[in-house]
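Residues per chain are reported as follows:
Number of protein chains: 2
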Amino acid sequence: MPSISNRGGHMPPSPIRKLVPFADAAKKRGTKVYHLNIGQPDIETPKAILDAVRHTDMTVLEYSPSAGFDSYRKKLVTYYKRNDIDVTTGNIIVTTGGSEAILFAIMTCMDPGDEIIIPEPFYANYNGFAITSGVKVVPIPSGIETGFALPPIEDFEKAVTPRTKAIMICNPNNPTGYLYSAAELNTLKEICLKHDLFLLSDEAYREFCYDGRKHISALSLPGMENHAILLDTISKRYSACGGRIGAFVTRNQQVLDAAMKFAQARLSPPSFAQILGEAAVDLPADYFDGIHAEYNARRDLLVKRLTAMDGVVCPTPGGAFYAIAQLPVDNAEKFCQWLLESFSHNGATVMMAPAAGFYATPGKGRQEVRLAYVLNTDAINGAMDCLEAAIKEYNSQTKG
Amino acid sequence: MPSISNRGGHMPPSPIRKLVPFADAAKKRGTKVYHLNIGQPDIETPKAILDAVRHTDMTVLEYSPSAGFDSYRKKLVTYYKRNDIDVTTGNIIVTTGGSEAILFAIMTCMDPGDEIIIPEPFYANYNGFAITSGVKVVPIPSGIETGFALPPIEDFEKAVTPRTKAIMICNPNNPTGYLYSAAELNTLKEICLKHDLFLLSDEAYREFCYDGRKHISALSLPGMENHAILLDTISKRYSACGGRIGAFVTRNQQVLDAAMKFAQARLSPPSFAQILGEAAVDLPADYFDGIHAEYNARRDLLVKRLTAMDGVVCPTPGGAFYAIAQLPVDNAEKFCQWLLESFSHNGATVMMAPAAGFYATPGKGRQEVRLAYVLNTDAINGAMDCLEAAIKEYNSQTKG
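Residue numbers (my numbering), protein chains in the order written: chain A, 1 to 400; chain B, 1 to 400.
Hint data in this document are derived by calculation from the structure and do not stem from the laboratory. Everything hinted at is true.
Since copy identity is lost for identical chains, a pair holds within one copy or between any two.
With a cut-off of at most 35 Å between alpha-carbon atoms, the simulated DSBU-like pairs for lysine-lysine come out as follows: (1) K81 / K27; (2) K27 / K47; (3) K74 / K47; (4) K47 / K75; (5) K81 / K18; (6) K27 / K75; (7) K75 / K28; (8) K364 / K304; (9) K304 / K32; (10) K304 / K18; (11) K189 / K75; (12) K158 / K364; (13) K18 / K75; (14) K392 / K364; (15) K18 / K47; (16) K74 / K28; (17) K334 / K364; (18) K32 / K74.
Please read all numbers here as calculations on a predicted model, not as lab measurements.
Turn these sequences into a full structure, and let the hints steer you where they fit.
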């Protein structure tokens, strides 16, 4: 029997999906599971954009151009302009989800053995794309004690080697919810210009910023025209995760030309969800207001409930819809599995993502979990009731 | 300015799309262009399956499971059974087009530096996926003089090295239209078992077989359970190229487990077109009959017209909707560009794909073109009138 590849062997299984069989078993036993483990928003996809797909009058479901429909790219220019990102259709390649934008960026900018610096904890699938492409992730620590702020410039400087080709950030951040400030982005700019590095900026959660703060895109940093690559997706923005439409955006023409060849090799991004994405740019200007208010309320409640628990630390996230909490348990992974296997409170339990899977450094994040506040406030209260009771019961068992 | 990667530099531009600017210019001049250059079927997508998408009542466009919707995978089991391919849902990972199935197979089976043997000419994007993954394509020649039959077993034996991990075929073949016989598939089986190689079988054109011949899937070869990987797509089958739905199918559990990790890293295949694909399995049993008859008529006409021209060689293709023709011109690429730049006949010209782009060996296929018979018989007659006149005019100019 022929053997699989080393890279196939080394690919990490999804740390988020590892606990799914335990959740399934809990549900089979009749236990309600509060899903705070995955970034699948519960917010309805706007009916108007689903209707755009429903009302399509196409007769042949043709390939779109490899860079995406021209009409959609034109709409995206409008969308970006509204967000202070000044680009042309020629700067945009429509991708199959944000995932493909990440893969195109890594493939286009880096060869096997090259290094990419990423503040940890980070979106776990970056590891998968790095292994796919033979690129080495060099993590630098951002910790719960600083609320997951950008690591100091010295940490970046220490991590740079002759093989370093890029820095990657997710802003606002998944899994920490951290929103980078103008000063932090300028620090990144300084390092990228000094060492001639690409800045790969995953801005999937651009719309989700709280406390009146504004998101700053890597593409709006002057002087970074040849260094900044924006990796985008409509998944979270419009609750359209299943559409699989994202975008790869840069002003660097060499990068665009090379990325287009990867885009041509896979022929085209999905047509239906491009129609949806195009309609989304015409949603009313106040579309995000209600969603903002809802997520803001959820975030406030979640952080309030968590920090009220003995021994729980949870920095207030500035963006996205995630928070990382440090729990007073010996091992968050064990605890999360125990929650699904052996615990219930009022017939319910809670599913969270153990944060160790988001760190590249072994042993880090051992007591931390990531919570996605993609449930309404009643459900968050229910989940927090479970968690509070669970911590006590778990510790009395493990310490008793 | 940071430099792009070597692999980004080495990625081949699409040989099919290279002539597009010349075609656009011809259209601007008012010249009608018969597009025989690209495998975009003109056949309408069945209304019933577009309607399945139009009538969807979802409220949240959620991620599907990474392996695809269970309901769709169940339908696919039915579809494959009808085609003498006996698999379970667990053998199937739904992919984003056939393209992603190809990439998953290469990534899962091969490491950088490993070799894959492919009879040439072959689908040009295989080169792109090989460069993406650092894998070396080892071409072995199949020629127009044998009608593009499978190369003799000795040619495979000579090409096998310690780094060889797989053989890849496209059956029926793009670009040659060749349909492999049971004897040829048994030859491939023999080599794969002897040298412990994977057989990657791209069967995008399964439904398109002529002269009453039956397609034989690599997955129905007994003894190849751990060696055969089927790469599939609904693009051509149902004229659904823009849906971007394919499938990666194998009975090798190690391969499935590893491929699933690549599938998880990109989260999920597009939801809308899975709904379309699911509805397609319920199309009436006679759905393909009319389509067969139509393509058969087109093929017969195309080959008749081509072989009636002085100095043109065109083996009759047994499947798919492509033919390769050898033309009495010095350089088919130059000729194809000239057709678009400098020629018209009754206000029209014809666009074809120069076949050199489908060969890995430099200099091969210099006089050959690939023709996709994705236009109706009237248009094919129009295109052939153009081609016949063009060959004469081109040769009188270049020789005169």
